[in-house]
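K.L.:
Generate the whole structure from the sequences, applying the supplied hints.
Here the working numbering runs 114 ahead of the position in the sequence shown, where the first position is 1.
It is worth saying that the hints were derived from the structure and are not from the lab.
Do not take every clue at face value.
Computed beta-carbon distance windows for the label pairs [unchecked claim]:
| hint | residue 1 | residue 2 | range |
| --- | --- | --- | --- |
| 1 | Arg262 | Glu197 | 19 to 27 Å |
| 2 | Asn264 | Ser240 | 37 to 45 Å |
| 3 | Glu267 | Ala157 | 41 to 49 Å |
| 4 | Asp291 | Ser240 | 37 to 45 Å |
| 5 | Gly179 | Gln206 | 16 to 24 Å |
| 6 | Glu153 | Glu267 | 46 to 54 Å |
| 7 | Phe196 | Asp261 | 19 to 27 Å |
| 8 | Arg236 | Glu178 | 18 to 26 Å |
| 9 | Glu297 | Asn248 | 35 to 43 Å |
| 10 | Asp204 | Val257 | 13 to 21 Å |
Cβ atoms here follow ideal geometry from the backbone N, Cα and C, with glycine treated the same way.
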Amino acid sequence: MKICKYGLRLAGCLSLILCLGCAYVPLTSLWSLSRLSPETLAAMDPAAIRARVTLPETIGLKPEGNVISIALTRQDQVMNSFELPLQVIDTQVTPTGWFDSGDPPRRDFLLTVTEAGQQSLRSLQSGWQEHRDNHDGANIGVVMKLDRANITEPTEFLTSVAVRLEQDGDFIVLFEDMPLTLELEPTEVQKTP
Numbered sequence: 115m116k117i118c119k120y121g122l123r124l125a126g127c128l129s130l131i132l133c134l135g136c137a138y139v140p141l142t143s144l145w146s147l148s149r150l151s152p153e154t155l156a157a158m159d160p161a162a163i164r165a166r167v168t169l170p171e172t173i174g175l176k177p178e179g180n181v182i183s184i185a186l187t188r189q190d191q192v193m194n195s196f197e198l199p200l201q202v203i204d205t206q207v208t209p210t211g212w213f214d215s216g217d218p219p220r221r222d223f224l225l226t227v228t229e230a231g232q233q234s235l236r237s238l239q240s241g242w243q244e245h246r247d248n249h250d251g252a253n254i255g256v257v258m259k260l261d262r263a264n265i266t267e268p269t270e271f272l273t274s275v276a277v278r279l280e281q282d283g284d285f286i287v288l289f290e291d292m293p294l295t296l297e298l299e300p301t302e303v304q305k306t307p
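P.N.:
Quick look at the structure:
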């Protein structure tokens, strides 16, 4: 009887940990991301890839250093990884809404893979087709370089990141309203006597 009781507690704890770990990733995204494979990456049009990053209006993206990272895996081990440079093609400010929620206005950045990144991905895709037996999975992510120009103290904020891999496809949310803290650069910290 005790084994069953402890088994239920363990199952409950594991379920709680799983829910907390995935709290910022919608279930529909988990399904879409689980279907990502080397074949889908090899077939996508590099010009159609988009990333959408949502930040508070006071925090921007630097023009350089934002990338989509792609990793090809075999038995959950990263075999090859690539970074494709992104450029901002559009920004829109989203007001707080018709009622004051206390949240600051947010800015959506729409990014696309640069021309050089598109050419690089096309050459990589032909290599993936030739060596498709070497990979059984794929991961995708977005690396952002935040502009700290308007930040004078450590700032906590919510951010969302999504990717679209097909021209007419939906955005896949990588995480939604995830809390982050933007610390000051070491050179920005002022010493007090």
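K.L.:
Look at each hint and say if it fits the structure.
P.N.:
Hints versus structure:
no., hint, verdict
1, Arg262 / Glu197: 19 to 27 Å, "holds (22 Å)"
2, Asn264 / Ser240: 37 to 45 Å, "holds (43 Å)"
3, Glu267 / Ala157: 41 to 49 Å, "holds (46 Å)"
4, Asp291 / Ser240: 37 to 45 Å, "holds (38 Å)"
5, Gly179 / Gln206: 16 to 24 Å, "holds (22 Å)"
6, Glu153 / Glu267: 46 to 54 Å, "holds (47 Å)"
7, Phe196 / Asp261: 19 to 27 Å, "holds (25 Å)"
8, Arg236 / Glu178: 18 to 26 Å, "holds (22 Å)"
9, Glu297 / Asn248: 35 to 43 Å, "holds (39 Å)"
10, Asp204 / Val257: 13 to 21 Å, "holds (19 Å)"
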